[in-house]
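Engineer: Once you've looked at the hints, go ahead and assemble the two chains, each given alone in its own frame, into the complex.
Chain order of the listed sequences is A and B.
Oh and the first sequence: position 211 is 211 in the working numbering, straight run, nothing missing.
Oh and the second sequence: position 364 is 364 in the working numbering, straight run, nothing missing.
Note that these hints are calculated values from the structure, not bench results.
All of these numbers come straight from a predicted model, not from anything done at the bench.
There could be a bad hint or two in this list.
With a Cα cut of at most 27 Å, we get these calculated DSS-like pairs of lysine-lysine [said to hold, decoys possible]: (1) Lys95/B <-> Lys66/A; (2) Lys238/A <-> Lys47/A; (3) Lys291/B <-> Lys48/B; (4) Lys134/B <-> Lys42/B; (5) Lys290/B <-> Lys56/B; (6) Lys447/B <-> Lys4/B; (7) Lys225/B <-> Lys203/B; (8) Lys290/B <-> Lys306/B; (9) Lys290/B <-> Lys182/B; (10) Lys203/B <-> Lys306/B; (11) Lys291/B <-> Lys182/B; (12) Lys203/B <-> Lys42/B; (13) Lys36/B <-> Lys182/B; (14) Lys95/B <-> Lys69/A; (15) Lys499/B <-> Lys361/B; (16) Lys190/B <-> Lys471/B; (17) Lys56/B <-> Lys238/A; (18) Lys238/A <-> Lys291/B; (19) Lys66/A <-> Lys447/B; (20) Lys42/B <-> Lys238/A; (21) Lys125/B <-> Lys95/B; (22) Lys42/B <-> Lys291/B; (23) Lys361/B <-> Lys225/B; (24) Lys69/A <-> Lys21/B; (25) Lys290/B <-> Lys238/A; (26) Lys21/B <-> Lys66/A; (27) Lys182/B <-> Lys56/B.
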Amino acid sequence: MTLSVVYAILFYAATLLLVVGVARKVIIYARTPAPLKIPVTPAPTTKAGVVWRMTKEVTVFQSLFKACKWTWLFGWMFHVALALVLFRHLRYFQEPVWAVVALMQPFGQYAGFAMLAGLLGLWARRFLVDRVRYISSLSDHLMLALLVAIGLSGLAIKYLAHTDIVALKTWMLGLMYFDLQPLPSDIFVLLHLGLVIVLMVIFPISKLLHVPGLFFMPTRNQVDNPREVRHTAGWTAK
Amino acid sequence: MAAKFDTPELFKNIEIIDTPKYEVNSMVHSSPYPAKAQHNEKLGFPGKLVDNWEEKAVTRLGELVDGSRALRTFLDSCVKCGACADKCHYYLGTKDPKNMPVARQDLLRSIYRRYYTFAGKHFPKLVGARDMDKSVLDEWYSYFHQCSQCRRCSVFCPYGIDTAEISMAARDIMDTVGHGQKYCNEILGKLQTVGNNLGLPEKALINTLENLEEEVEEDTGVAVKYPVDVKGADVLLIVPSADFFAEPHIDGLIGYGKVFHQAGISWTLSSYASEAANFSMFIGSGDNLKKVAQRIRDAAEELGVKRIIVGECGHAWRVAYSFWNTLVGPFDFLDPNYPAPQHIVEFTYDLIQRGALNLDKEANDHRRITFHDSCNVARASRMGNIPGGQFILPRALITASANHFFDMSPETIHENTFCCGGGGGLLTDDLMEIRIKGAMPRMQALKQVVDEHGVNSMVAICAICKAQFSKALPAYQFPMDMITSLHQVVGDAIQLGTKT
Ligand code: SF4
Ligand code: SF4
Numbered sequence: 001m002t003l004s005v006v007y008a009i010l011f012y013a014a015t016l017l018l019v020v021g022v023a024r025k026v027i028i029y030a031r032t033p034a035p036l037k038i039p040v041t042p043a044p045t046t047k048a049g050v051v052w053r054m055t056k057e058v059t060v061f062q063s064l065f066k067a068c069k070w071t072w073l074f075g076w077m078f079h080v081a082l083a084l085v086l087f088r089h090l091r092y093f094q095e096p097v098w099a100v101v102a103l104m105q106p107f108g109q110y111a112g113f114a115m116l117a118g119l120l121g122l123w124a125r126r127f128l129v130d131r132v133r134y135i136s137s138l139s140d141h142l143m144l145a146l147l148v149a150i151g152l153s154g155l156a157i158k159y160l161a162h163t164d165i166v167a168l169k170t171w172m173l174g175l176m177y178f179d180l181q182p183l184p185s186d187i188f189v190l191l192h193l194g195l196v197i198v199l200m201v202i203f204p205i206s207k208l209l210h211v212p213g214l215f216f217m218p219t220r221n222q223v224d225n226p227r228e229v230r231h232t233a234g235w236t237a238k
Numbered sequence: 001m002a003a004k005f006d007t008p009e010l011f012k013n014i015e016i017i018d019t020p021k022y023e024v025n026s027m028v029h030s031s032p033y034p035a036k037a038q039h040n041e042k043l044g045f046p047g048k049l050v051d052n053w054e055e056k057a058v059t060r061l062g063e064l065v066d067g068s069r070a071l072r073t074f075l076d077s078c079v080k081c082g083a084c085a086d087k088c089h090y091y092l093g094t095k096d097p098k099n100m101p102v103a104r105q106d107l108l109r110s111i112y113r114r115y116y117t118f119a120g121k122h123f124p125k126l127v128g129a130r131d132m133d134k135s136v137l138d139e140w141y142s143y144f145h146q147c148s149q150c151r152r153c154s155v156f157c158p159y160g161i162d163t164a165e166i167s168m169a170a171r172d173i174m175d176t177v178g179h180g181q182k183y184c185n186e187i188l189g190k191l192q193t194v195g196n197n198l199g200l201p202e203k204a205l206i207n208t209l210e211n212l213e214e215e216v217e218e219d220t221g222v223a224v225k226y227p228v229d230v231k232g233a234d235v236l237l238i239v240p241s242a243d244f245f246a247e248p249h250i251d252g253l254i255g256y257g258k259v260f261h262q263a264g265i266s267w268t269l270s271s272y273a274s275e276a277a278n279f280s281m282f283i284g285s286g287d288n289l290k291k292v293a294q295r296i297r298d299a300a301e302e303l304g305v306k307r308i309i310v311g312e313c314g315h316a317w318r319v320a321y322s323f324w325n326t327l328v329g330p331f332d333f334l335d336p337n338y339p340a341p342q343h344i345v346e347f348t349y350d351l352i353q354r355g356a357l358n359l360d361k362e363a364n365d366h367r368r369i370t371f372h373d374s375c376n377v378a379r380a381s382r383m384g385n386i387p388g389g390q391f392i393l394p395r396a397l398i399t400a401s402a403n404h405f406f407d408m409s410p411e412t413i414h415e416n417t418f419c420c421g422g423g424g425g426l427l428t429d430d431l432m433e434i435r436i437k438g439a440m441p442r443m444q445a446l447k448q449v450v451d452e453h454g455v456n457s458m459v460a461i462c463a464i465c466k467a468q469f470s471k472a473l474p475a476y477q478f479p480m481d482m483i484t485s486l487h488q489v490v491g492d493a494i495q496l497g498t499k500t
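Next comes chain B alone, as it looks inside the complex (with noise of 0.2 Å):
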């Protein structure tokens, strides 16, 4: 377990994130956990550290720069600017200079100037170029672990070089020699054999939704249903698994159940594809990303749905997005009528404009709300059918169900949106110190709306978020429970009974 470590401090102010002074090596210890061999062999990698590793750690680099354009133009035209360099929330939590994206990249762009370019070849030094040994790999393996992917300091690169896409081949690198990370690959196994990333089988996903049954039932006097596996349904809905359990996810999915229930559209979640996450996407794996996108393709055409929504999870709409079609498309037996995928807010958004939903205001009189964009959601896909749509939709869900919404500081929201801490297959106890590290930015913006408009309540509308404050918000001496989904707002909104 990690050792203890300090919470960075808050102050009061946004524009006091003054970028720190460096701090060589701060974070150098933080490592996650190794994948057992049994994680990395199911899903095709070696189950430990290879043979000549550093000789086939260099040659899939080789391969992955030819395969991808970005890649390849990244690791050639960064100039060093400085730009990125203090636009990562993990380097104005930490201070490791290592965490500032470009010294980030230059991890890996250092390897491949010594086996890739004639500059690097030749003049080793001159460049920063050095030998692939096992200190790199060890340099690699904690600090390409200290990066969400959130893609924040590709906003301001000049050129738009996204850390995220290197981190990503990093990580591929490293699972290719067979020192992959526990908590991704584990997790990905569980999905790939059971269907979710909580190994949750078909009947206690059966049980649980039964549960919910009851539970709104007795809440609300409605038998608002949360159906499992109905074939010849309308929607398929794709959630995060988190949302059957977890808090405060289960409050969005008690939430969807009373959206569809208002709207009288019939849906259904499926048993064999529970799990919009797909942390493929982490570990920068082409194969089991569209692996882990077919099955929620072969559940639509099993169940025969005609469309297909997507819950509230950040990297899963991204990948849902931006890929599937891609991936596992074209989804030509779905309704033209609707784009596929749909997001869940995409959904509800569409049904308030029609005036399809009854929402009481008041019923969330007692929450002072503020909005995190998560990063996904925010620089990697969009809602809706103009660019932004996706910072504008989930904000007018907010307003249309509560009275009360303050936004962050603008330089920490929408596209400048600061990551939660715990994306990009960070979310686990191992990395605790880089987590809650990293939250610093964002609690220092919510500090200020909490402060100067007593905002008590955080929505989000991803997982990893909502599971990552529960963490972060404690930490930072904030109450836990201010981390609200989305659809728990819109539910408790939701005037049930009153539409036939």
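If we strip away everything but chain A, and leave its shape as in the complex, we get (with noise of 0.2 Å):
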């Protein structure tokens, strides 16, 4: 019961810092202003061509694609299999569990493979490009690590060292409901909810404040049309 109190605590703490932490950045953000149009061209000039932009470069990466197809292939890889797995995820989220959720329920497995696949289609990149090699710091490959770890210690319980599931879902229900049940203290859910825990804490303060920040990038979410409408915002609106 001290594990599941313990563990209690820093999910408890971990969801704080990183509602708020976001939330924070989000607002820092949409206060900043953008004082000038800078769209990069050709842009759309209508605000349903912007929407239209947006979604392509969150769905399918428009840009990356166009940039450098291996980068694309294994980013995209990626972040669909995380999106994937994320939803399957939910189940441990909800009694009853929702119908679409358990239809996904034999994709989102696959999907952990493809990302763990793409992730290390990722992270060999960043030795076997120079350009790549050169540009990355430390945290670049600790991030990897740890997305690494949290794919692989999933896949363990999952696979390897099968855990009381039920137990587990109990527990997390318990923790959303404010009423608090024993966790099962196999060591790859122990490893798997830590790591989740540290990827929470540090999602505000890190690069992966691109999830945000691609909503707000003036470069791509500006309409064009500085001569029919008068833009000012910031210093030029002094």
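Structural biologist: As structure tokens, this is what we get:
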């Protein structure tokens, strides 16, 4: 039960840091003015066009595709697989499980492997491509190590050392309803949860800020209409 | 003066621009002349490096980040994916890894992280954060003057991180602590006292234009006018001052005059605002950007014109198109039937569409033409009313005026265009090495169309590109006069005297 309490406290703290940290950054981004029109052109001339441009960037990584097929392949594979994996994990946070979550269950499992493959591909580039090696700092490697470790420990729970998954889910639901239950103390479970906690904590203070940041970049989200509509903000509004 | 250096070798195919293996510090020796005290002071910056400049620089960085959503998100969000790394012409031409866009950004990001992020304050080593000191400043001065702010990297970045913005911020910080660049700051000073980058006074300008009128009349037998300070003219034309004297720029100016002449639209230049260029953008100075733009608005109001048209100049068009309305708008005193401002290419294009120009394509039959998209036009502005009009319109002008046109390889044109190598305030002799090396990818693409199609003329619509290619072409064994103004091609095709 001690373990359960420790992990519960860590989880609450990490969630708080993640939510507050990201919200704080989003508020800062939103409040920081964009004084000039700087969309990278050719850019859409309407709001709907911008939504379409951003949708393509977020869903298929359009610019990255143009830039480098390998990075795109591994990066896209990782992100899509991660999305599936996260979606699949919803089953541990709900009772009853939504039909679509149940439906996605098998895909979510394969996605675990795809996610790892993507990560390893990205990591390999950090060693094999001299340019990418040059620009990588220690934190870039550690970030990949962390994600790989999360993926591996997760797969280990599933395929290597089965845990009492029902008990784990009960613990998680207990966390959500403030009704603490015992946590199965299998090593991979503890590892997996612990690493996820680390990830949540560093999210708002690391390059993972690209997730909210992406939506605020004036180079991509501005409408190309400076002659038609007078834009002012920050020092240009004074 | 820069030491001797080797011009990079060209290959037959553009595909051969394979990404080089990097060579650390191969361009660390490249630094422009620092500005003299008087040049800095004229623009409102300290004359020389101030005491406690380290602290001031860090403070200024904080102010800039607070004032620019772009800068803030760019500095926070880079994931070091390397997609931009091989997209910079300076990296391709010099192999210096600090010329990879992401590495250039990191020169500034490392300071931002150290002073403004949790990770950098507490774990600097881990995230590559470092203290602000003289070696950092020297590195900034060198490598932020090896960026032409061309935005090519930003096209390929998954988030649109624009290294140009980061270079501008770094130069702003350096100016703020009194470490400005001579070329940009001296020129901006001239512009603000005399009215143009060249320091060409009113009298000399009027003389030049009178001579030009005589020359054109001698050549064509038609009295084409090049008017200055004509009150009540319909159009105020703002051109880069290089158009008044440099080759091939002046041939473009001659062409504008012919277009106006045949269209029968009254126009004028202004001796007060005789400069389209606005180098304030290069040094990231908002105050100066606005001041210089204000001169043009004032001239337009003073002359009582109905329209403002901008001549062939890349960054000037970015400033005019993207920033004028914000900085010194709204232009509600102009005729609302026309965009304010309008590009000369848009103007000529409309005339051609309306059949207002008689063009004889055969007059250009000796030219086998290709077109160089200038960065700031391609990636930071637009022409016409559809996205990408900036690629369509100039080519439409060429094909309406000439029979032989060949585009360069698709990965080197439109929004993928390679910089001429001399933009962003680098067009100075003390940076010749980086300029020539940075021109390599464009020269490579040019060689391909020269070999395959016998191209003998590269048309551009930017004063900086034109001046830069006059140096770069000979360095790569091409004839210097290959570089041609777009409105020279148009002007040569116009059948003067055939419209009344
Ligand atoms: S803006 Fe252009 S010159 Fe500057 S880093 Fe990017 S690609 Fe290179
Ligand atoms: S492409 Fe963008 S995210 Fe990737 S390294 Fe370059 S600047 Fe960073």
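Engineer: For every hint, state whether the structure bears it out.
Structural biologist: The hints, checked one at a time:
1. Lys95/B <-> Lys66/A: 22 Å, holds
2. Lys238/A <-> Lys47/A: Roughly 26 Å between the alpha carbons, so the hint for lysine 238/A and lysine 47/A holds.
3. Lys291/B <-> Lys48/B: 23 Å, holds
4. Lys134/B <-> Lys42/B: Status holds; Cα separation ~25 Å.
5. Lys290/B <-> Lys56/B: 24 Å, holds
6. Lys447/B <-> Lys4/B: Given pair lysine 447/B, lysine 4/B holds - Cα atoms ~24 Å apart, limit 27 Å.
7. Lys225/B <-> Lys203/B: 17 Å, holds
8. Lys290/B <-> Lys306/B: 22 Å, holds
9. Lys290/B <-> Lys182/B: 21 Å, holds
10. Lys203/B <-> Lys306/B: Holds - the C-alpha atoms of lysine 306/B and lysine 203/B are around 26 Å apart, at most 27 Å.
11. Lys291/B <-> Lys182/B: Answer holds: lysine 291/B to lysine 182/B is near 20 Å, not above 27 Å.
12. Lys203/B <-> Lys42/B: 24 Å, holds
13. Lys36/B <-> Lys182/B: With Cα atoms ~7 Å apart, lysine 36/B and lysine 182/B stay inside 27 Å; holds.
14. Lys95/B <-> Lys69/A: Status holds; Cα separation ~22 Å.
15. Lys499/B <-> Lys361/B: 17 Å, holds
16. Lys190/B <-> Lys471/B: 24 Å, holds
17. Lys56/B <-> Lys238/A: 24 Å, holds
18. Lys238/A <-> Lys291/B: Holds: lysine 238/A and lysine 291/B sit about 14 Å apart, inside 27 Å.
19. Lys66/A <-> Lys447/B: 24 Å, holds
20. Lys42/B <-> Lys238/A: Holds - the C-alpha atoms of lysine 238/A and lysine 42/B are around 23 Å apart, at most 27 Å.
21. Lys125/B <-> Lys95/B: At roughly 26 Å apart (the allowed maximum being 27 Å), lysine 95/B and lysine 125/B satisfy the hint.
22. Lys42/B <-> Lys291/B: Status holds; Cα separation ~13 Å.
23. Lys361/B <-> Lys225/B: Within the cut-off at roughly 24 Å; holds.
24. Lys69/A <-> Lys21/B: Distance ~19 Å between lysine 69/A and lysine 21/B Cα, so the pair holds.
25. Lys290/B <-> Lys238/A: The hint holds at about 12 Å.
26. Lys21/B <-> Lys66/A: 21 Å, holds
27. Lys182/B <-> Lys56/B: The given pair, whose Cα atoms are some 21 Å apart, holds under the 27 Å limit.
Hint violations for this structure: none, all hints satisfied.
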